[in-house]
Amino acid sequence: MGKLRFISVLFAVVFAVTACTKKKSGSLEYGLDVKETLRINLNTEPPSLDWSKSSDTTSSMVEMNIMEGLITYNLADRDLSPAPALATEWKPSKKGKVWTFKIRKGVKWTDGVEFTAQHVIDGWERLLNPKTGAEYAYFLFPVKNARDYNAGKIKDFNQVGIRIVGDGDLEVELEKPLAFFPLMLTHHATFPIRKDVVEKHGDRWTDPANIVTLGPYKLKIWDHDRALVMERYDDYYGEKAKIKYIIGYMINEYSTALNLMQNGRLDFQQSLPYKELPLYRQNPGYRQTPLISMYYYGLNIRKPPFDNLKVRKAFAMAVDRKQITDLLAAGHAPLSGWVPAGMFGYENDVGTKFDPEAAAKLLDEAGYKDRSKFPRVTLAFNTNENHQRIAENVQAQIKKNLGVDIQIANEEWKVYLNRLRNDTPNMYRMGWLGDYPDPATFMELMTSYSENNYTGWKNQKYDELVSKGASELDKEKRRKIYYEAQKLLTEIEVPVIPIYSSVSHILLSDRVDNFPVNSIEYYQFKGVTFK
Amino acid sequence: MIARVWGAIVAILFANVVLLSFFNYEIPTVLWWAFGLSTLGGAAVYVFTKGLTFYVLRRILEAIFTVFIIATLTFALLRVLPGGPFDSEKALAPEVMANLAKKYKLDEPLLKQYADYMVGLVQGDLGQSYKYISRDVSSILMESLPVSVQLGVYALIVSYLIGIPMGILAGWKPNSFLDFACMTFAISGVALPSFLMAPIFILIFVQYLGWFEPALWDGPAYYVLPSVILGIRPAAVIARLMRASVLEVIHSDYIRTAKAKGLSARKILFKHVLRNSLIPVLSLSGPLAAGILTGSFVIELIFAVPGVAKHLILGVTNRDYPMILGSTLIFSYILVIANLITDLLTAIVDPRVKMT
Amino acid sequence: MSRREGKSLQREAFERLKKNRAALGSLFAIIVISMIGVLAPWIAPHAFDEQYLDHVLEAPSSQFWLGTDSLGRDMLSRLIYGARISMAVGVITAVISLIIGTIYGAISGWFGGWVDSLLMRSVDILDSIPSIVLLILVKLVFDSFDIIGNPELKALTGMLLALSFTSWVSLARVVRGQVLQVKQMAYVESARAMGASALRMVGQHILPNILGPVIVLLTFQIPSNILYESFLSFLGLGLQPPYSSWGVLANDGWRSLTSYPHLMISPGVAIFITMLAFNLLGDGLRDAFDPQMRGR
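Protein chains in written order, with my numbering: chain A, 1 to 531; chain B, 1 to 356; chain C, 1 to 296.
Excised from the complex, chain A in its bound form (with noise of 0.2 Å):
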């Protein structure tokens, strides 16, 4: 026994010596006063805070609180217009197709350096470089030769429309009028950057320790995969951030998060599970608002059944959206029409109406009579719960309304991409969230040269219809070009079904108030206080 009573005095000492050291306990609030703190869920590392190449949600949310654009929204009126943030105002000339910006003067970055118009230049010079690789870059193809610099076919970059005029303001010229273009400035791909703060440090340069910006917030601690930290900036241009920092964990799950919100450690989770939404909802801290977002099922209009126009609207026709959406009990809105409920060119009266009997009608006459004859279809879904209970619902409901039987079949999300490139099933699931509050964002979708359409139709009014709503600047025209070119996608051609558009749902602890909703999912978070 002597020996284990040596062995344990041993311990003891090097135990005691050591442990007079500092300890590390509670670092994972980095010394902030939760009192002075917000606590959000990021869901996950952000993979980058360079706004020039990030391209998630995640990092997006980050980077528009702690930078700005030429405009910004305004964020009280329900439209999401265009509001001024660098710039001060703006006007189009020439039918829309130059636009001219004045640059609001004494902005100051947080090392001190004045905002200037050619911060703006040498952002857009990064993004559209093709060494860079920025995923966001066909943002600014609008503008003149930018997608020839991007390509690489041209090399001088003054040759792209956006130059310095006047008293340093920004004009900038487009390849063809564009009604909505100061709304693409809203996003962060667009964002001014300090080419000289980027090449002094290279990679390294969104390090908090390097990181410039002018935002109401800027970037305290970003301790890899743990938490970042924000404070508030006070020479920020304009009204302060009212809460000191903000402290956002990576999350992954949602259940995880829940818990810590249960457990008070949270202020804010963007993520629920639709199936536990009854019990948030009466939640005080709920909050559900429409989203510029809608999900829909292409049809492979290539290979039959779909090829068949009256195949196409039978399905449309036999599929009750109402039903899906009150299955999903998430507050979703049924859609017909292409663009969401609740945005600007919305149509209530287009798109097929659910009717059993004529969609049973006109499989009959597309020639399917005998429905032992029919083709066998597959649905096509990316592996996801949600997914799975509206293709589920879907396939029962064809099968109840038209005698059909269709395979569903899920994917792994990278694996399904690939397939619906290469080898597109013959309905497929697909989902869009608008990069802006505009109608044009959804149109362009379905057009013939739109990387996003899966579904091989290409329409050549269509496209006219489409092109010609983005450069008229009278919005009641526009409303019509867009409602034309929406029937004639969703009721007349059929190569897709709207099946509904989405909300949004997040959760906030009983102490916030003030808190930004709106249909981009823009958290601005300089105007959020506690109770």
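Source of the hints: derived by calculation from the structure; they are not laboratory data.
Since the structure is predicted, the reported quantities are computational estimates derived from the model, not experimental observations.
Backbone N, C-alpha and C define an ideal beta-carbon position, used for all residues, glycine too.
A portion of the hints provided could be inaccurate.
As the list claims (entries may be wrong) - Rough simulated footprint, nothing fancy, chain B against chain C, three-plus residues with beta-carbon under 8 Å:
(1) 121-135
(2) 138-144
(3) 245-255
What the hints assert, rightly or not - Calculated Cβ distances over 12 Å to all of chain A for the following chain B residues:
(4) Thr39
(5) Ile69
(6) Leu278
Unchecked claim - Simulated coverage check for chain B against chain A, where a stretch passes if three residues somewhere in it have a Cβ under 8 Å from a Cβ of chain A:
(7) 160-172
(8) 207-214
(9) 234-241
Using the hints provided, position chains B and C relative to the given structure of chain A.
Positioned in the frame of chain A, the structure of chains B and C alone reads:
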């Protein structure tokens, strides 16, 4: 005697490192050095004096070779896998796609890419992540590996702490109620997938009792649940093995002799049974480490632990080739090394084992 | 020891097994579960894919004994059909890996020499890739190729192949070890000297002798396959409708333990009982076949 003192020192230092890390103290560099030097130095001296140098060197070389083969296999598997790293809900314009392919050299012939990767690997460069733009895979792994190791070591300790006593209790009094209870526990431990066990534990220990935190990784209250859930399965395996081992030893001749000599039961248990029946359990540590590695995928996801396993899973969903390759290689290497350590430890404890 | 003796060895083992109540009970439970799986269409109270849209996510009631899921499907029926799929996945993969493992191990053990070292080195390498990594990658690869030409069966075949691919290694090792042992026994050597063909020898002398350990290993392989299957479901790489296993059900339910406990509890209990039964039976079989190696 020297070996024993050395063993005691290593054990003390190890216990200190574990305890300090568990209670979230900074571990002084001195302690790290002391631990590292005593372990490695001791091992080196042991290996050398026992004439095992060649054996160990061979094993290490083999391990490196194995890792290269695995790199090749994984590289091939990844390229067979449909779907590229830059496919996303919003299909990219062809120009943009071409720029990305060029940036990450994905437009070069596969063999060239493979050769480049291998050359990089030799230089210790695992490439840049596709998902975490502009970040080196090796630096990402180096940041997350300590956490995974921490979790793994805690789980291993938990499994020994639960498994060994239970196995001894069960084996010491076979067919008693205690035996039955321990074995029921042991088999229950392997009978439930950890992603079902975790919510039950969270419900009980977090929501009802409020003892621990439901997720994240920042101190004892955070460490306990993931480590215990991760350790239960190996604990069950150990308990069963230990029981069998104790039974075997008890029935062996020398224990019978010891009993006949009138030695006390406790003395027999601690002096002979424990030592001899621990050997097979110890030799299982390699496979156990593999099991813990496997389980850590689930645990890291559910408890938001910032470890390596999560990177591998997310790497696969993102088709982040360098990330998948890097983390696979790290895991494989850990496994190979764990097996080597196990073999060496077994040889130290059990002189009967011969190594060639 | 002749072939006949090999048989009597098995009889002895069976006698020993009969005395082990836990193992017998487990065997019974496994048979019951298998029967439930086989007879699923006749005993399930509802069609497993019938959606009762007015009864979505209901707690257990007299109409739906185990409640309904998020599509209004009867959980009990899904559980019963799940038994079918889970058991099939466990058994089929065990059999496939048995075939691969036996052939591989037998070749390696029988030929010895450089063949043996080559085969065993490859197995070592395969073994040092963490099985779960291999499983994920192989599953994804198999999933993306439609081998059977039926998209509904694709995920199932992918699952079977991936699980078999990763689980034959231990079987190959055991078989090789046994073959090596048996090969050195006097009667085999004499038979060999008398010019018996290799195939005949394997069939007559070696297979009966390695049956015991292989059965034991298989009994442990089946539950581990079921577990890995549920694990892949957790990672979103599980089976796809209309085939849903217990793993799929459990994965649908584990996040809502507090809100809809019935979604997790019933598949959880099913998995638990099955794993318990297979493990107890495995323990019993091991004790029976190899009384010296109890519990190893």
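Hint check results:
1. 121-135: Since 8 is at least three, the answer is holds.
2. 138-144: holds (count 4)
3. 245-255: holds (count 5)
4. Thr39: Holds: least Cβ distance 15 Å, greater than 12 Å.
5. Ile69: 26 Å, holds
6. Leu278: 17 Å, holds
7. 160-172: As far as the region 160-172 of chain B goes, the hint is violated, because 0 residues have Cβ atoms under 8 Å from chain A.
8. 207-214: Three-residue rule met by the region 207-214 of chain B, so holds; n is 3.
9. 234-241: violated (count 0)
The structure fails to meet hints 7, 9 from the earlier list, while all remaining hints are met.
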